[in-house]
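Generate the whole structure from the sequences, applying the supplied hints.
Here is what each chain is made of, one letter per residue.
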Amino acid sequence: MKIHEYQAKEILKKFNVPIQEGYAIDNSTDIDRTIKKVQTDFNSEAVIVKAQIHAGGRGKGGGVKYCSTFEDAQDAANTILGMNLITHQTGPEGKMVNKILITEALDIKKEYYFAITFDRSKNSDVFIVSTEGGVDIEEVAENNPEKIIKAWIDDSPNALDGAVKEIITSLSLEKFENVEQMFKDLYKCYIESDCSLLEINPLVSTTNEEIIALDAKVDIDSNSLFRHPEIAAYHDKSEEDPLELKAAEYGLNYIKLDGNVGCMVNGAGLAMATMDIVKHCGGEPANFLDVGGAANVETIKNGFKIILSDKNVKSILINIFGGIVRCDRVANGVIQAVKELELDVVVVVRLQGTNAKLAKKILDESDIELISAETINEAATKAVEMIK
Amino acid sequence: MSILLNKNTNIIVQGITGSEGSFHAEQMMEYGSKVVCGVTPGKGGQTATVNKLPVFNSIRDAKKEFQIDATVIFVPPRFAATAIIEAIEQNIELIVCISEGIPTRDMVTVKNMLDKSFSTLIGPNCPGLITAEESKIGITPGFICKKGSVGILSRSGTLTYEAIDQVVNVGLGITTAVGIGGDPVIGSSMIDILKHFKDDDDTKGIVMIGEIGGNMENDAARWVKENLDKPVVSFIAGQTAPKGKRMGHAGAIISEGSETAEAKIKILKECGISVANTVSEIGITMKSLIG
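Chains as they are written, first to last, in the numbering used here: chain A, 1 to 388; chain B, 1 to 291.
In case anyone wonders, no lab produced these hints; they're calculated from the structure.
Possibly wrong hints are sitting among the right ones.
[Unchecked claim] Below are the BS3-like pairs computed for lysine-lysine, each with C-alpha atoms no more than 25 Å apart in a straight line:
1. B:Lys266 x A:Lys122
2. A:Lys99 x A:Lys36
3. B:Lys198 x A:Lys237
4. A:Lys311 x B:Lys243
5. A:Lys357 x B:Lys147
6. A:Lys122 x B:Lys245
7. B:Lys146 x A:Lys360
8. B:Lys243 x A:Lys122
9. A:Lys357 x B:Lys146
10. B:Lys269 x A:Lys217
11. A:Lys99 x A:Lys217
12. A:Lys217 x B:Lys245
13. A:Lys99 x A:Lys109
14. B:Lys111 x A:Lys184
15. A:Lys60 x B:Lys245
16. A:Lys246 x B:Lys147
17. B:Lys243 x A:Lys150
18. B:Lys245 x A:Lys246
19. A:Lys279 x B:Lys266
20. A:Lys256 x A:Lys388
21. B:Lys269 x B:Lys243
22. A:Lys122 x B:Lys111
23. B:Lys245 x A:Lys314
24. A:Lys357 x B:Lys243
25. B:Lys198 x B:Lys266
26. A:Lys122 x B:Lys146
27. A:Lys237 x B:Lys243
28. B:Lys245 x A:Lys311
29. A:Lys279 x B:Lys243
30. A:Lys109 x A:Lys147
31. A:Lys357 x A:Lys382
32. A:Lys60 x B:Lys204
From a predicted model like this one, the values you see are computed outputs, not experimental measurements.
Set out below in structure tokens:
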């Protein structure tokens with residue numbers, strides 16, 4: 001689960017990590033009051049106004065503004081709150097800014113990149129740091145890979161101490177006395193909050209010789225939210241695709257894509273393989289949709305509803321592998337769902353597995369317009385050709 | 001011959017009193033699996049399933065009355081890691097975890113314990129394994145399997161079934177099929193399973209199904225090139241998956257260039273592995289190699 005910068009900073013603060021302080025607001029009537037509060041509370045005439053959206057690249061898109069006076073800050077806050085922000089991560093349609101964070105401005109001496117994530121290949125956590133902070137780290141990785149330093153934290157007794165020392169040396173931060181504790185606190189935060197990513201870009205040293213987290217990007221392992229109710233409450237539904245949210249309510253796993261062949265499949269791997277074969281047959285998949293192991297009338301009906309909310313969809317390819325749930329039952333479910341919903345798009349059905357032949361007979365003999373197919377290849381070809 | 005599991009394997013079910021646990025315990029027994037008892041903390045002394053299997057509070061208690069070779073775990077994700085750890089501490093040789101949605105942090109702890117233990121873990125978030133016409137542990141449909149000469153390993157559930165079905169339909173049949181799971185941290189990697197298939201004389205060819213995310217397929221491909229002289233057919237799902245979007249499985253997300261389907265297919269081919277162009281061609285590709 002992704003969370004906002006201001007929420008990530010709230011978490012960091014609980015772990016004593018020094019952050020750039022500020023207040024988040026979602027209503028323009030609070031702007032004047034909040035700017036003044038930031039100016040007095042943190043003794044900072046200049047403030048920064050930062051759009052709170054989940055996508056990165058906010059600065060380049062015009063969603064982060066340094067303001068040296070109260071009036072500048074007013075202008076910036078009024079412009080950014082409610083703007084449609086387009087960055088390289090939002091896609092061309094952009095993202096509505098519903099919240100802004102107004103923070104103190106710091107006198108920055110140097111910017112660093114800092115992150116902790118999990119390295120699957122080594123089954124251990126890894127610090128990733130660079131002296132090239134404040135910029136797109138992917139560009140650094142591409143152009144100056146030697147400037148990215150990694151230090152792994154395995155399960156041996158002194159692994160954390162060793163890794164912390166390594167990054168302090170590589171960033172030449174030895175003279176800051178609290179920095180070792182800060183890196184340990186960041187790691188504690190990462191572990192205890194079940195983060196899948198904790199990224200500070202930039203981490204800065206100030207002219208007051210302090211090290212401070214200027215920004216914060218934290219992703220939380222969704223599977224762990226049961227033990228973090230306070231983090232689960234950070235979930236911002238406005239950041240998500242409404243159709244994907246609705247599918248999740250039905251217990252379906254849906255991701256919208258740009259094509260016109262809707263796909264309904266059981267199992268994530270088979271769902272991806274089905275999208276691939278649609279493309280292979282010259283079509284474009286409209287979505288990823290995994291209806292889960294037990295495909296019944298209800299899940300199939302809900303799957304149709306979700307797929308058809310996407311107006312680009314011209315045909316629907318149903319690809320179900322019936323194992324424990326036998327294919328004849330799935331076939332009857334499909335027929336009932338098509339009847340009840342009075343569909344007017346091409347529906348191609350391929351059922352394989354237990355009782356597949358019986359299922360095909362049921363589909364072929366039904367009084368509704370369905371195209372049945374035996375192989376995935378045949379099904380995908382039909383779903384693509386029928387709408388050309 | 002087969003790998004990891006045969007008709008004599010004594011199996012227990014952790015979470016046998018839950019609806020999933022009892023349903024699949026019955027399905028397993030119907031297939032021929034030797035399920036001897038179940039474990040659910042707090043429900044010791046009860047019985048479960050239509051076969052009235054005894055239920056114990058702990059594996060330790062169950063071990064006093066039964067010889068146990070393997071366990072299958074059907075407990076809710078928040079308790080699943082504890083269940084795996086109990087099985088590791090009781091030295092159960094084969095642990096199969098079906099549960100989906102276990103926090104990554106919990107699995108890191110499990111994995112570190114596992115490395116220092118005698119246990120093999122399959123999963124989590126997997127369909128388990130099946131040795132054709134002998135025994136199954138987990139939720140793979142038994143009806144589709146026929147005994148034969150092909151070993152199957154896969155990161156995805158229904159794609160495992162699809163591969164079994166195609167291999168059976170082209171007349172080859174299977175030895176053992178293993179679903180290793182779609183999470184970022186899993187007990188047994190592709191290489192771990194390939195090593196078993198290498199040593200199994202009845203397995204003449206291997207189907208290895210991967211997907212986007214991680215580098216496991218790439219590591220497996222290089223291992224095959226150096227160590228295996230049996231034909232391998234592979235398929236990688238997710239060629240059309242967009243970057244940065246998690247496609248169902250927690251592990252199926254592209255974060256680096258080497259994790260795309262395209263990059264994996266290239267490495268597999270370079271290592272001499274036959275890659276099926278589409279999911280439809282897994283069976284016939286294997287047939288062309290060992291048919």
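Outcome of the hint check:
As the CA atoms of Lys266 (chain B) and Lys122 (chain A) are separated by approximately 23 Å, the hinted pair is consistent with the 25 Å bound. The suggested pairing of Lys99 (chain A) with Lys36 (chain A) holds, with an alpha-carbon distance near 18 Å, which does not exceed 25 Å. Taking the CA atoms of Lys198 (chain B) and Lys237 (chain A), the gap is near 49 Å; set against the 25 Å cutoff, the hint is violated. Between Lys311 (chain A) and Lys243 (chain B) the alpha-carbon distance is near 24 Å, which keeps this suggested pair within the 25 Å criterion.
In summary, the hint linking Lys357 (chain A) to Lys147 (chain B) is supported, as the alpha carbons are separated by about 22 Å, within the 25 Å threshold. At roughly 23 Å between alpha-carbon atoms, Lys122 (chain A) and Lys245 (chain B) fall within 25 Å of each other, so this suggested pair holds. Distance check on the hinted pair: Lys146 (chain B) and Lys360 (chain A) sit about 22 Å apart at the alpha-carbon level, within 25 Å; holds. With a C-alpha separation of about 22 Å, the suggested pair Lys243 (chain B) and Lys122 (chain A) falls inside the 25 Å cut-off, and the hint holds.
Taking the CA atoms of Lys357 (chain A) and Lys146 (chain B), the gap is about 18 Å. The hint holds against a cut of 25 Å. Distance hint between Lys269 (chain B) and Lys217 (chain A) is unfulfilled; the C-alpha atoms sit about 38 Å from each other, more than 25 Å. Under the criterion of a C-alpha separation no larger than 25 Å, the hint pairing Lys99 (chain A) with Lys217 (chain A) is consistent with the structure, at around 16 Å. Of the supplied pair hints, the one linking Lys217 (chain A) and Lys245 (chain B) holds, its CA atoms being roughly 17 Å apart against a limit of 25 Å.
Annotation: proposed proximity of Lys99 (chain A) to Lys109 (chain A) is violated, straight-line Cα distance about 29 Å (limit 25 Å). The straight-line distance between the Cα atoms of Lys111 (chain B) and Lys184 (chain A) is roughly 23 Å, inside the 25 Å bound, and the hint therefore holds. Straight-line distance between C-alpha atoms of Lys60 (chain A) and Lys245 (chain B) comes to about 23 Å, which keeps the hinted pair within the 25 Å bound. Restraint check: the Cα-Cα separation between Lys246 (chain A) and Lys147 (chain B) comes to about 43 Å, which exceeds 25 Å; the hinted pair is violated.
Only pairs whose Cα atoms come within 25 Å are accepted, and Lys243 (chain B) paired with Lys150 (chain A) is accepted, the gap being roughly 23 Å. Restraint check: the Cα-Cα separation between Lys245 (chain B) and Lys246 (chain A) comes to about 17 Å, which is no more than 25 Å; the hinted pair holds. Restraint check for Lys279 (chain A) and Lys266 (chain B): satisfied, since their Cα atoms lie roughly 19 Å apart, inside the 25 Å limit. Restraint check for Lys256 (chain A) and Lys388 (chain A): satisfied, since their Cα atoms lie roughly 21 Å apart, inside the 25 Å limit.
For the suggested pair Lys269 (chain B) and Lys243 (chain B), the alpha carbons sit about 23 Å apart, so the restraint of at most 25 Å is met. Between Lys122 (chain A) and Lys111 (chain B) the CA atoms are separated by roughly 11 Å; this keeps the pair inside 25 Å, and the hint holds. Distance hint between Lys245 (chain B) and Lys314 (chain A) is fulfilled; the C-alpha atoms sit about 24 Å from each other, no more than 25 Å. As the CA atoms of Lys357 (chain A) and Lys243 (chain B) are separated by approximately 38 Å, the hinted pair breaks the 25 Å bound.
In summary, the hint linking Lys198 (chain B) to Lys266 (chain B) is supported, as the alpha carbons are separated by about 23 Å, within the 25 Å threshold. Distance restraint check for Lys122 (chain A) and Lys146 (chain B): the Cα-Cα separation of roughly 37 Å exceeds the 25 Å cut-off, and the hinted pair is therefore not satisfied. Using a Cα cut-off of 25 Å, the hinted pair Lys237 (chain A) and Lys243 (chain B) holds, with the two alpha carbons roughly 22 Å apart. For the suggested pair Lys245 (chain B) and Lys311 (chain A), the alpha carbons sit about 22 Å apart, so the restraint of at most 25 Å is met.
Distance check on the hinted pair: Lys279 (chain A) and Lys243 (chain B) sit about 17 Å apart at the alpha-carbon level, within 25 Å; holds. A hinted pair counts as satisfied when its Cα atoms are at most 25 Å apart, and Lys109 (chain A) with Lys147 (chain A) qualifies at roughly 19 Å. For the hint pairing Lys357 (chain A) with Lys382 (chain A), the CA-to-CA distance comes to about 19 Å; that is within 25 Å, so the pair holds. For the proposed pair Lys60 (chain A) and Lys204 (chain B), the alpha carbon gap of about 57 Å is over 25 Å, so the pair is violated.
Hint check: violations occur at hints 3, 10, 13, 16, 24, 26, 32; the rest are consistent with the structure.
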